[in-house]
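From first to last, the protein sequence lines are chains A and B. Going by the numbering used here, the first residue of the first sequence is number 1, and it counts up by one from there. Going by the numbering used here, the first residue of the second sequence is number 116, and it counts up by one from there.
Errors might be hidden in some of the hints.
DMTMM-like cross-link-like pairs, simulated, lysine to aspartate or glutamate; straight-line CA separation at most 25 Å [to be verified]:
no., chain 1, residue 1, chain 2, residue 2
1, B, K118, B, E187
2, A, K77, B, E145
3, B, K177, B, D153
4, A, K68, B, D153
5, A, K68, B, D168
6, A, K49, B, D153
7, B, K177, A, D84
8, A, K68, B, E187
9, B, K185, B, D153
10, A, K77, A, D53
11, B, K118, A, D84
12, B, K118, A, D53
13, A, K49, B, D168
14, B, K118, B, D215
15, A, K45, B, E145
16, B, K128, B, D141
17, B, K128, A, E58
18, B, K118, A, D2
19, A, K49, A, D84
20, B, K177, B, D141
21, A, K45, B, E132
22, A, K45, B, D141
23, A, K55, B, D215
24, A, K49, B, E145
25, A, K49, B, E137
26, A, K49, B, D141
27, A, K77, A, E58
28, A, K45, B, D194
29, A, K45, B, E172
30, A, K45, B, E187
No wet-lab data here; the hints were simulated from the structure.
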Amino acid sequence: GDSVTQTEGLVTLTKGLPVMLNCTYQTTYSPFLFWYVQHLNEAPKLLLKSSTDNKRTEHQGFYATLHKSSSSFHLQKSSVQLSDSALYFCALSDPGTQVVGQLTFGRGTRLQVYA
Amino acid sequence: DMKVTQMPRYLIKRMGENVLLECGQDMSHETMYWYRQDPGLGLQLIYISYDVDSNSEGDIPKGYRVSRKKREHFSLILDSAKTNQTSVYFCASSLSGRQDTQYFGPGTRLLVL
């Protein structure tokens, strides 16, 4: 079945530094990948999404490129801010899944930014 | 303003009691979802609904049932709640499923004693 792996449970950084949150996936079909962000005690919100191979997608200073050859969709930002502290989920939509519309979520990576 | 609402926001129940969680959306979305979120496990899909009375099980449907009688409302029911159903429950909606963005509600924190 489909799966999404986020290798880091917690990433801690000083503000102003770059960050990369890892996301790899397994699927049989052509995937659609998402990043959702959840701030403390809030609902998850879409950060960005992509289904186009090797094309960079950007939103709110974050960017990610879907690489089908390596089954990866890593999230990056060149300079993190205190307000970026949140839980980040990578998710996969697979057109071949039995449950149409189901997203497979990774376990999430908590990003903690310090001053 | 696109919005998903959930009621109640916080709930404490005793084991064996019935629980009703309600979700509404004002976007005329066809597809609605119920997830639970536990630390370190991410978001797990309980049920998905494609329209009124058109529901499918997700990954963890055991112990839950759902009801969708109007497109804008989607209820999650726990008949005889168990302590391991203590969790944060999120409702979400999307235009039609597949690659559409899912919009999440604020969540319901359920504690089953």
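How the hints compare with the structure:
| no. | hint | result |
| --- | --- | --- |
| 1 | K118/B - E187/B | holds, 11 Å |
| 2 | K77/A - E145/B | violated, 34 Å |
| 3 | K177/B - D153/B | holds, 16 Å |
| 4 | K68/A - D153/B | violated, 30 Å |
| 5 | K68/A - D168/B | violated, 37 Å |
| 6 | K49/A - D153/B | holds, 24 Å |
| 7 | K177/B - D84/A | violated, 36 Å |
| 8 | K68/A - E187/B | violated, 37 Å |
| 9 | K185/B - D153/B | violated, 29 Å |
| 10 | K77/A - D53/A | holds, 20 Å |
| 11 | K118/B - D84/A | holds, 23 Å |
| 12 | K118/B - D53/A | violated, 32 Å |
| 13 | K49/A - D168/B | violated, 30 Å |
| 14 | K118/B - D215/B | holds, 16 Å |
| 15 | K45/A - E145/B | holds, 19 Å |
| 16 | K128/B - D141/B | violated, 29 Å |
| 17 | K128/B - E58/A | violated, 43 Å |
| 18 | K118/B - D2/A | violated, 30 Å |
| 19 | K49/A - D84/A | holds, 18 Å |
| 20 | K177/B - D141/B | violated, 29 Å |
| 21 | K45/A - E132/B | violated, 32 Å |
| 22 | K45/A - D141/B | holds, 17 Å |
| 23 | K55/A - D215/B | holds, 19 Å |
| 24 | K49/A - E145/B | holds, 20 Å |
| 25 | K49/A - E137/B | violated, 28 Å |
| 26 | K49/A - D141/B | holds, 23 Å |
| 27 | K77/A - E58/A | holds, 10 Å |
| 28 | K45/A - D194/B | violated, 30 Å |
| 29 | K45/A - E172/B | holds, 23 Å |
| 30 | K45/A - E187/B | holds, 20 Å |
Of the hints listed earlier, those the structure fails to meet are numbers 2, 4, 5, 7, 8, 9, 12, 13, 16, 17, 18, 20, 21, 25 and 28, in rising order.
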